[in-house]
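K.L.:
Going down the list, the sequences are from chains E and L.
Using this note's numbering, the letters of the first sequence map in sequence onto residues 1 to 112.
Using this note's numbering, the letters of the second sequence map in sequence onto residues 1001 to 1112.
Everything labelled a hint here was simulated from the structure, so no lab data went into it.
Incorrect hints may appear among the rest.
[Stated by the list, open to error] Which residues of chain E face chain L? A partial, calculated answer using Cβ under 10 Å: (1) P8; (2) Q37; (3) G40; (4) V44; (5) R80; (6) R93; (7) T101; (8) T104.
The structure displayed is predicted, hence computed values, not measured ones.
No residue lacks a Cβ here, since even glycine has one placed at the ideal position from N, Cα and C.
Chain by chain, the residues run as shown.
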Amino acid sequence: SQQGEEDPQALSIQEGENATMNCSYKTSINNLQWYRQNSGRGLVHLILIRSNEREKHSGRLRVTLDTSKKSSSLLITASRAADTASYFCATERNFGNEKLTFGTGTRLTIIP
Amino acid sequence: DAMVIQNPRYQVTQFGKPVTLSCSQTLNHNVMYWYQQKSSQAPKLLFHYYDKDFNNEADTPDNFQSRRPNTSFCFLDIRSPGLGDAAMYLCATSSLAGETQYFGPGTRLLVL
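Assemble the whole structure, with the sequences as input and the hints as a guide.
P.N.:
Here you go:
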């Protein structure tokens, strides 16, 4: 079964606004990662947060992790047109046998 | 720059005609992954190699095979492509299992 579910499925905001995407998962994890995918391209790693961490920042990105609720959020501040892409969370489960399981993704559109 | 390269970027094949997709990496990573991604869906792991150890996903059809002749190269063979195999195929690498994955640009397969 799918490990990660993301919400919303699609999000449209004005350039300059903040965008928040959420990810929920089902089993205990070692880490959770966020990836970006531009249309028709490969995925690009954005940030990794470990199960013992609660928050991480990278430039305009802020990721939180709540292991008690089995959820994570990705916040993109001061959005730009170039942030238009699909965003996926991926989890490495405990005893995950070297694999990541990807969520369903959020399609983000930034309106100039 | 160190990278993951996939060839070809676009592949057209006929129903039932074998096709091979290739992936190479200059990152010297131990782990290589093959994913299938259909439109607006999450990447689905087909199999992965940890060094020479091959790990097949339980639901990967027998029609899909893989070879890793050395650290740098990995191939995806589709023995008898069906219309349902039309998708983007993504190769990824990781230095440590379950950690950050580095993706190639993908090969889009069209089956006629």
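K.L.:
Each of the hints needs a verdict: does it hold here or not?
P.N.:
These are the hints, each one checked on the structure:
no.: 1; hint: P8; in the structure: violated, 14 Å
no.: 2; hint: Q37; in the structure: holds, 8 Å
no.: 3; hint: G40; in the structure: holds, 7 Å
no.: 4; hint: V44; in the structure: holds, 7 Å
no.: 5; hint: R80; in the structure: violated, 22 Å
no.: 6; hint: R93; in the structure: holds, 9 Å
no.: 7; hint: T101; in the structure: holds, 8 Å
no.: 8; hint: T104; in the structure: holds, 5 Å
In summary, the structure is inconsistent with hints 1 and 5 from the numbered list given earlier, while agreeing with the others.
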